[in-house]
Structure formats: C-alpha cells, structure tokens
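Read top to bottom, the protein sequences are chains G and D.
Residues 1 to 345 (UniProt numbering) are what the first sequence spells out, left to right.
Residues 1 to 243 (UniProt numbering) are what the second sequence spells out, left to right.
One should not assume that every hint holds.
List time: in silico DSBU-like cross-link candidates among lysine-lysine, alpha-carbon distance up to 35 Å [to be verified]:
#, chain 1, residue 1, chain 2, residue 2
1, D, K76, G, K192
2, D, K39, G, K296
3, G, K170, D, K67
4, D, K90, D, K76
5, D, K222, D, K150
6, D, K67, G, K283
7, G, K296, D, K76
8, G, K170, G, K87
These are calculated hints, taken from the structure and not from any lab test.
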Amino acid sequence: MSRLIVASIGPASSVQDGGRFGAQRYGLTVSGAMDRLALAAANTLVGNAPFAAAVEIGPFGATLTARDGAVRIAMSGAPRNADIAGKPVAMDTSVTLRDGETLTLGFARGGAFTYLAIEGAIKGEEVFGSLAVNARAGLGSPYPRPLQAGDEFTVDAASGAPELRIELPKPVSGPIRVVLGPQDDEFDDANKALFLDSEWKISATSDRMGYRLEGPAIKHLHGHNIVSDGTVNGSIQVPGNGAPIALMMDRGTSGGYPKIATVITADVGRLAQTSAGTAFRFKAVSMAEAQDEARKFQQLIRTLPDRLRSSDTVELNIEALSDANVAGYAVSAMDAGTWQVVAEP
Amino acid sequence: MAATLPPPRLLPSGDSAVTVEFSRTIDDAANERVLALDKALAAHPIEGISETIPTYRSLLVHYDPGKIGFDALGEKLLAIASRPLPPTTKARRWRIPVAYGGEHGIDLEDVAKALNTTPDDIVARHAGGDYRVAMIGFTPGWSYLSGLDKSLHMSRRESPRLFTPAGTISIGGIQAGIQCLAAPSGWHLLGRTPVRTYQLHRNPTFLTEPGDRVTFFAIDHKTFEELDRAAEAGEIIAERVDA
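Please model the complete structure; the sequences and the hints are all you need to start from.
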C-alpha cells in the first residue's frame with residue numbers, strides 16, 4: 001500500500017462519492033459530489049467505478065505527497081494549474097506520483113470544485129453505502145469532516161497502467177435549465193417571469209448546502225411559509241426575503257419555503273461549477289426535455305470509458321480540428337498549460 | 001368496495017422526483033394517506049422508484065427517468081393513491097423521558113409567561129399530549145409531531161437560534177418536535193430528552209418511523225444524566241408501550 005498525504009489544503013475540500021441515498025426519510029442528507037460528471041470522469045481515468053470516493057477540492061489550492069510507493073491519480077472538474085516537481089499536470093488525464101513526489105494545485109480558474117480520483121479509490125468505512133462527508137451529521141470516512149493538512153489516505157500502489165486522457169464533450173453553455181415546480185403556483189406570472197428573465201449571481205456565502213442567488217426579490221402569492229415537504233438536489237426555494245436558494249448536496253431533506261423550480265439533473269453540476277459573482281440565467285424546459293437530458297446524462301456517464309485515449313498520442317485530426325467545437329476544446333487545453341504534458345512519456 | 005378517494009396532486013420536482021400532495025396544510029387524514037401510499041409502494045415496488053420521503057402532507061417519490069417517465073409513473077401513483085385506505089394497523093407507541101426547564105429547556109419560563117400560565121402547567125400540557133410522528137426531516141432523526149395541544153400553539157421565534165442542543169424537545173407553530181442532533185432552530189425549547197432518535201452504530205440506527213405514536217413524561221435532571229449515559233452506550237431508553 002502507498003499513502004497520499006495532504007500537506008496543505010484549502011477549506012471546502014472533502015471526500016465525496018455518489019452520495020448517501022436511501023435514508024432521506026429519516027432526515028439523512030444525501031451529500032455526494034457537487035459535480036457528478038467530473039467525479040465520474042476522474043474515476044474513469046484511473047479505472048474506478050464512476051461514483052467511487054474521491055477528493056473534492058474546493059476553490060483554493062492544495063498540495064499532496066505520495067509516500068511508501070507510487071500513487072496513480074487523475075483530476076477533472078474546475079481547471080487549475082497543477083504540477084509535480086515543476087512539470088505541469090493536465091486536467092482530464094491520469095498521472096502517477098512517484099514515491100516522495102508532491103502534486104501542487106493552484107486555485108480553481110473558473111468553476112469551484114476539482115475531483116482528484118486515486119487508482120483503487122479512497123478506502124474507508126461506508127455508512128448507508130457511502131463515504132461522503134456530511135460534516136453536520138458527523139458522517140464520512142476516513143475523515144468525517146472537511147480535509148486538513150496532515151490527513152492521509154492509505155491507497156493502492158500505482159498499477160503502472162499506461163496513462164490516459166479522457167475526451168469529454170464540449171461543456172454545455174447557456175442558461176441553467178429548470179423544470180417549474182413543485183410550488184410554482186405560489187408565485188404569480190409576473191414573479192415567475194422575473195425569476196426566468198433575470199440575471200442571477202451566486203453569492204459568496206454559498207456552500208455545499210445551498211447556493212444563495214443574488215438578483216431581484218421574488219414575491220410570493222401567499223407568504224413564504226408552507227408546510228414542510230421534501231427537497232431534491234437542485235430545488236430552488238424562495239425564503240421570506242425573496243432571494244432564491246438553490247439547494248445542493250448537503251441540503252436538509254425537507255424544507256418549509258415554496259420551491260419555484262428545480263434544476264434539471266444534467267445541469268446541477270454546471271450550477272455547482274458556476275463561480276460566485278458570475279452572471280447567469282435560468283431557462284424553463286418541459287418535463288419531456290428534462291427527462292431526455294437526464295437520460296443522455298446517464299448515457300454519458302455510462303460511456304465515459306469509451307472516451308479514454310492513450311495520453312501519449314495527440315490525435316491531430318484535421319477534420320476534427322475544422323469542427324469549431326473541437327478546435328475550441330484544443331485551445332482551452334492549451335490555455336490550461338497542458339500541451340507539453342500530453343506529450344510526456 | 002368503498003368509494004375511491006379524491007386524487008392527490010402530482011407536483012413535478014425536477015426530472016427525477018415527483019411530489020404526491022394530499023393537502024396543503026397539516027392534516028392527520030392527509031398524513032394517513034401519505035403513509036398508506038408509502039406502505040403500498042414498499043409492499044409492491046414500482047420499477048424505477050429509488051426512494052420515498054413521507055412528509056406531513058405529501059410523499060416525495062425519487063425515481064430514475066431512465067427506467068420510467070413522469071407520465072407513466074404519475075398514472076400509477078394516482079391509481080394507488082385513490083384506492084380506499086387499508087384498515088389501520090396498530091401503531092408503535094413510545095414513551096419519551098424529558099427533563100423540562102432549566103438549562104435543558106431555556107424557553108419554558110418565557111413560553112409560560114407568553115401564555116399567561118406557569119411552567120408546570122406548560123409541562124403538564126406538553127407531556128399530556130398524544131402525538132404522532134408525521135415526518136422525519138431536516139437533520140437525521142428530527143421527528144416532527146402532530147397532536148400539539150391547541151393552547152400551546154405559538155409562532156416561532158423572531159430570530160432562529162444558530163445552535164440548539166442534541167435531544168431538544170421543542171414546539172413551533174402548531175408542531176412539536178424531537179430533535180436528535182445539535183442544529184439551528186427557531187422553535188421554543190421546553191426540555192431535552194436523553195433518547196437518541198438516531199444513533200449510528202445502534203440497531204436500529206433510527207428509532208422513530210412516520211406513523212409512530214409518542215407520549216412524553218417528565219424526569220428530573222439527575223435521571224436525565226443517568227439515562228443519557230445509558231443512551232450514549234447504545235441502550236434504547238425510550239419505552240415501547242404498544243406491545
């Protein structure tokens with residue numbers, strides 16, 4: 001076994017996986033990765049199950065050191081500068097830290113959460129089928145709290161498998177899509193339109209429990225107290241002050257404010273990766289479209305292994321490069337300082 | 001065959017959940033229908049449903065849109081929810097010890113003042129109630145109770161407290177509650193119970209279930225300490241009295 005030591009890490013970093021489902025009826029929060037696609041991509045790169053436990057790294061930097069052997073890792077999600085002994089490390093590629101080497105991560109450049117998956121996954125004691133940290137309930141393993149300097153993971157020694165990169169589809173841009181309801185009838189047409197037609201910003205006071213939205217005040221038809229009912233990831237509730245809160249993975253399982261809309265499954269991770277202060281809009285879609293997108297999202301996660309490529313071959317496909325999307329992707333890869341790394345042996 | 005019941009409303013809750021709403025208000029009859037639907041789905045699962053969450057007035061049904069669509073699921077849920085209620089089975093009944101007032105119930109005196117009576121009278125009215133666990137939510141084991149004596153209905157605190165201790169027994173609006181973990185709360189704190197409605201390595205992990213009946217009885221602060229130690233060691237100190 002090798003060890004991966006957390007030499008330093010910023011706040012809002014914790015072990016997360018697919019979440020803790022099955023006990024919401026007892027008030028047990030689901031937790032789990034804020035950006036499930038990024039978690040799955042990082043895990044897929046090192047041969048883990050898509051929702052295996054990994055390190056969710058918040059917007060600040062981190063340094064991690066391998067001890068007692070090599071450790072194979074991969075990162076996906078919010079891009080950030082990363083290097084091992086001065087050699088840049090790309091997002092969306094696997095890389096092996098040799099015994100004694102340190103991975104240094106900068107701040108997130110756009111987005112909030114980067115997932116660092118470890119070959120063989122993080123090991124710990126599952127509660128309700130999950131290692132995800134839920135600090136309020138004191139759950140999570142190996143540490144039932146956000147990570148701190150000095151924490152360490154006992155992990156599989158690196159397999160020596162060839163390093164891989166993953167070709168993710170071009171990120172979806174445009175408004176965050178929602179399905180109206182369950183309590184959209186607690187708002188009149190003018191206030192529903194105000195919600196859908198306004199520009200919103202995520203407040204800096206947001207966390208894994210909820211993203212507070214800054215914009216116009218949304219007024220209720222019948223006041224803000226409803227009888228508590230169930231919440232889901234992406235429920236957008238409107239409390240008394242009219243400032244909506246998008247409920248995220250550490251949400252309470254029930255809530256007593258009217259919920260005007262619900263972010264579609266395929267866009268919850270995009271909302272999670274919207275940096276504080278960045279303007280964005282919502283767009284209402286039909287249930288049929290939302291469910292179609294949810295099925296496509298499931299399909300994307302299932303087929304991530306098909307997107308793995310050898311990391312020492314950069315395919316310069318002229319036809320593909322003439323496609324604006326792919327060219328755009330290559331340019332962003334260069335921005336991230338990754339070009340040299342894909343050519344490393 | 002008994003007449004069918006009025007259908008509930010189906011409220012879309014994103015692409016992977018639907019709220020089956022029986023009432024907009026707190027209503028024991030609606031809660032009974034919620035729990036009946038919950039039981040029916042547990043007994044005869046519908047392919048694609050992953051989890052159900054009963055609340056006072058609705059059942060939140062989580063499902064996989066890769067396995068069943070909104071329309072097909074909605075139709076099935078409405079059909080089941082419109083069936084006459086099955087005969088009620090005997091509910092489990094718990095007696096929960098509470099240390100009222102003092103450091104354990106810092107709002108008891110103020111509640112008594114606000115309602116123009118004595119702390120002892122508030123304790124008698126609260127402990128004398130016959131409650132039902134309508135739902136569990138917010139934080140693990142927080143049991144929301146219906147059945148609070150009307151004379152104890154009072155609006156929540158103007159500003160919620162950011163910290164209230166584990167085991168808090170409180171009232172808020174027309175509801176009463178048993179809180180398991182320390183949490184923020186805007187309710188009025190009458191006392192504390194050493195009973196853990198949630199304890200990780202105990203079997204069962206969760207003590208209360210929606211539909212359970214609950215009564216309280218007063219204990220002194222010394223008994224609280226004794227029972228608290230026993231509960232911490234994993235003993236179930238709530239008394240089950242329906243058997």
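- Query: Is the straight-line distance between the alpha-carbon of K222/D and that of K150/D 35 Å or less?
  - Reply: OK: K222/D and K150/D at ~31 Å, within 35 Å.
- Item | Restraint check for K170/G with K87/G, where alpha carbons must lie at most 35 Å apart | Satisfied, since the Cα-Cα distance of roughly 26 Å is no more than 35 Å.
- Hint consistency between K90/D and K76/D [alpha-carbon to alpha-carbon, up to 35 Å]: Status holds; Cα separation ~27 Å.
- Message: Check whether the Cα positions of K170/G and K67/D lie no farther apart than 35 Å.
- Response: holds (27 Å)
- Message: For K39/D and K296/G, compute the direct alpha-carbon distance and say whether it is at most 35 Å.
- Response: It holds: about 32 Å lies between the C-alpha atoms, which stays within 35 Å.
- Query: Keeping to a limit of 35 Å between CA atoms, is the pair of K67/D and K283/G held or broken?
  - Reply: holds (25 Å)
- Message: K76/D and K192/G were given as a pair; does the straight-line alpha-carbon distance stay at or below 35 Å?
- Response: Roughly 30 Å separates the two Cα atoms, so the pair holds.
- Pairwise hint evaluation, K76/D against K296/G, where the allowed Cα distance is 35 Å at most: Between K296/G and K76/D the Cα gap is close to 25 Å, so the pair holds against 35 Å.
Of the numbered hints stated above, none is contradicted by the structure.
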